[in-house]
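Asks: Now for the letters of each chain:
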Amino acid sequence: MRLQLHRIFGLLLIACAVSACATHTVKSTTYTPVIQDSQNLPEELLLDVGIAIFDPGIDEIKRSEEDTTNDQIRVAEARYAPFLLSETLQRSGNWGIVRLLPNNSSPMDIVIHGTILQSNGEEMALRITVSDSTGREWYTKEYDEVISQFAYDPSQRQQNDPFQVIYNNIANDLLEFRKANIKENRIVEIRTVSEMLFAQRFSPDAFSEYLTQDRRGYYTLAALPADNDPLLNRIRDIRERDFMFIDTVQDYYATYTRQMRLPYDSWREQSYDETVELRELRASAKRRFLAGTAAVLGGLAAATNGGNYATQTGGAVGVGAGAYLIKSGFDKQAEAKIHVEALEELGQSLENEVAPRVINLEDRTITLSGTVEEQYSQWKEILADMYAAELGTL
Amino acid sequence: MTSAERTAVLDAELRRGYETFDGFILGERERAQAESNAAGSVSIGGDSGAGGGSDSPNQPQTLPQAGGTSQVAVASLPSASAPPSETFPPPEDIPSGRDDDVVARQLREAAMSEPDPELREALWEEYRKYTGISDSK
Chain A
1 MRLQLHRIFG
11 LLLIACAVSA
21 CATHTVKSTT
31 YTPVIQDSQN
41 LPEELLLDVG
51 IAIFDPGIDE
61 IKRSEEDTTN
71 DQIRVAEARY
81 APFLLSETLQ
91 RSGNWGIVRL
101 LPNNSSPMDI
111 VIHGTILQSN
121 GEEMALRITV
131 SDSTGREWYT
141 KEYDEVISQF
151 AYDPSQRQQN
161 DPFQVIYNNI
171 ANDLLEFRKA
181 NIKENRIVEI
191 RTVSEMLFAQ
201 RFSPDAFSEY
211 LTQDRRGYYT
221 LAALPADNDP
231 LLNRIRDIRE
241 RDFMFIDTVQ
251 DYYATYTRQM
261 RLPYDSWREQ
271 SYDETVELRE
281 LRASAKRRFL
291 AGTAAVLGGL
301 AAATNGGNYA
311 TQTGGAVGVG
321 AGAYLIKSGF
331 DKQAEAKIHV
341 EALEELGQSL
351 ENEVAPRVIN
361 LEDRTITLSG
371 TVEEQYSQWK
381 EILADMYAAE
391 LGTL
Chain B
1 MTSAERTAVL
11 DAELRRGYET
21 FDGFILGERE
31 RAQAESNAAG
41 SVSIGGDSGA
51 GGGSDSPNQP
61 QTLPQAGGTS
71 QVAVASLPSA
81 SAPPSETFPP
91 PEDIPSGRDD
101 DVVARQLREA
111 AMSEPDPELR
121 EALWEEYRKY
131 TGISDSK
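Residue numbers (our numbering), protein chains in the order written: chain A, 1 to 394; chain B, 1 to 137.
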């Protein structure tokens with residue numbers, strides 16, 4: 001009998017301990033700075049970096065996070081985050097020009113594609129894929145950063161984005177990979193392939209023989225035009241102008257980022273608090289349900305199978321305590337719902353702020369791209385005529 | 001017409017296209033940078049935010065027809081490797097930079113990005129002298 005009573009109280013104790021036990025998330029408080037390459041590469045060996053607009057990752061949102069994730073904010077972040085990455089890479093001084101690409105028409109030495117896997121103010125997770133102009137993928141890596149409230153301290157925010165560390169880590173990995181794997185002759189090859197791809201875009205007849213593409217889609221240099229080839233020099237003039245077009249689009253993105261920063265940071269800070277509360281309440285509710293159910297089941301077994309009054313009474317107490325824990329689990333769930341609603345409201349408010357800005361950004365970029373493409377078409381025709389004139393077929 | 005003559009004609013056509021394009025892009029960049037600076041000085045409360053989408057000042061200019069009569073000099077253009085930084089609007093007497101040649105353009109860009117007001121004014125003075133604005137006054 002004493003053994004059975006011990007079991008019941010033991011079960012209750014475990015249930016209480018389980019329900020009180022809290023999960024802890026490890027938060028990063030260390031700041032990883034951007035590493036600057038100690039080896040000063042000459043300018044002709046600096047690789048230019050293009051960053052595509054990120055995939056907002058809407059298809060990859062987990063079912064459990066659907067009610068706290070706002071699609072429109074993700075779309076806005078898909079333009080905001082790569083711009084911050086481009087600024088980080090540019091500041092590192094390890095690369096040539098670093099630009100957010102308005103489309104995939106302009107070949108760059110290195111192209112970075114990203115997908116947003118998580119972004120809620122407390123955590124940011126990105127999947128980054130890096131490849132070069134020859135078509136070879138360098139690597140794909142996932143980055144996950146959970147920050148502390150300190151990152152939203154006004155003194156910190158003036159200096160850096162709360163998730164600046166994630167951009168620094170991406171920049172440092174990119175540098176490390178280049179240093180470990182890409183030798184100088186390969187850098188020259190990548191840069192030449194980029195130039196030849198651009199040349200092919202404007203004068204396919206004249207430059208098609210210089211590149212071959214294998215079954216895997218990788219480009220290899222088959223030959224090189226003379227460095228003083230007049231047609232190549234004209235292509236270089238046009239490429240300078242293509243960079244100017246891309247620079248203009250950077251100015252659009254800079255405006256967009258500046259406009260978005262304050263409301264977005266404010267949303268992230270509030271979202272941080274709500275997300276932390278929500279996670280703790282959900283975990284607490286889950287623990288209470290588990291512990292309560294265990295106590296009820298144990299108590300019921302004791303109450304029905306108990307051989308005497310004491311064990312039956314102990315069982316009944318266990319059932320009562322378990323029922324209380326289950327009820328408190330429902331209470332925690334109701335509290336969590338309030339935070340979900342708060343997150344939805346916050347998201348809606350930011351969506352109203354940023355969605356028109358995204359539309360404006362896209363409209364301007366598309367309009368400018370269209371205008372520029374019209375000019376490019378005329379240049380392509382002129383270059384085709386020039387090539388024909390050189391061959392004597394015009 | 002010989003092949004060389006034909007190439008020369010096409011080259012001239014290409015250069016005219018560059019001039020038109022350069023003037024267009026520089027004008028658009030100047031406008032975009034001014035907007036970016038303005039956005040940088042706007043606080044949450046000061047900017048109504050929503051609805052900023054389709055105001056006409058935000059619409060890009062249209063590129064004039066190729067072969068137009070733009071007077072912008074042909075120049076190798078900066079690829080602007082630095083990230084967009086704060087710029088300062090030109091003084092009132094400074095005209096739009098559409099007719100600037102490469103030197104004037106560099107003076108203009110240096111002046112617009114110079115945070116020190118004295119140095120900035122000195123650069124604008126150089127710009128005035130170079131472009132002949134001060135002579136015409």
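I should point out that these hints are in silico values taken from the structure, not numbers from a laboratory.
Misleading hints may appear alongside valid ones.
Just some of the chain A residues that point at chain B, by a computed CB distance under 7 Å [as the list claims (entries may be wrong)]:
{"hint": "1", "residue": "386"}
{"hint": "2", "residue": "387"}
{"hint": "3", "residue": "389"}
Below are the EDC-like pairs computed for lysine to aspartate or glutamate, each with C-alpha atoms no more than 16 Å apart in a straight line [unchecked claim]:
{"hint": "4", "chain 1": "A", "residue 1": "380", "chain 2": "B", "residue 2": "11"}
{"hint": "5", "chain 1": "A", "residue 1": "380", "chain 2": "A", "residue 2": "205"}
{"hint": "6", "chain 1": "A", "residue 1": "141", "chain 2": "A", "residue 2": "242"}
{"hint": "7", "chain 1": "A", "residue 1": "380", "chain 2": "B", "residue 2": "116"}
{"hint": "8", "chain 1": "A", "residue 1": "179", "chain 2": "A", "residue 2": "37"}
{"hint": "9", "chain 1": "A", "residue 1": "380", "chain 2": "A", "residue 2": "189"}
A virtual CB, placed ideally from N, CA and C, is assigned to each residue, including glycine.
Asks: Is the hinted pair residue 380 (chain A) and residue 116 (chain B) satisfied, with a Cα-Cα distance of at most 16 Å?
Replies: violated (44 Å)
Asks: Given residue 389 (chain A) as an interface hint, is the shortest Cβ-Cβ distance to chain B below 7 Å?
Replies: holds (4 Å)
Asks: Do the alpha carbons of residue 380 (chain A) and residue 11 (chain B) lie within 16 Å of each other, as the hint requires?
Replies: holds (12 Å)
Asks: Are the Cα positions of residue 141 (chain A) and residue 242 (chain A) separated by 16 Å at most?
Replies: Violated, at about 30 Å.
Asks: Residue 179 (chain A) and residue 37 (chain A): Cα distance at most 16 Å?
Replies: holds (9 Å)
Asks: Can the restraint linking residue 380 (chain A) and residue 205 (chain A) be considered satisfied, given a maximum Cα separation of 16 Å?
Replies: Status holds; Cα separation ~11 Å.
Asks: Is the shortest C-beta separation between residue 387 (chain A) and chain B less than 7 Å?
Replies: violated (10 Å)
Asks: Holds or violated: residue 380 (chain A) and residue 189 (chain A), Cα atoms, limit 16 Å.
Replies: Given pair residue 380 (chain A), residue 189 (chain A) is violated - Cα atoms ~25 Å apart, limit 16 Å.
Asks: Any CB of chain B closer than 7 Å to the CB of residue 386 (chain A)?
Replies: Interface hint status for residue 386 (chain A): holds (5 Å vs cutoff 7 Å).
The structure fails hints 2, 6, 7 and 9 (numbered hints given earlier, in ascending order).
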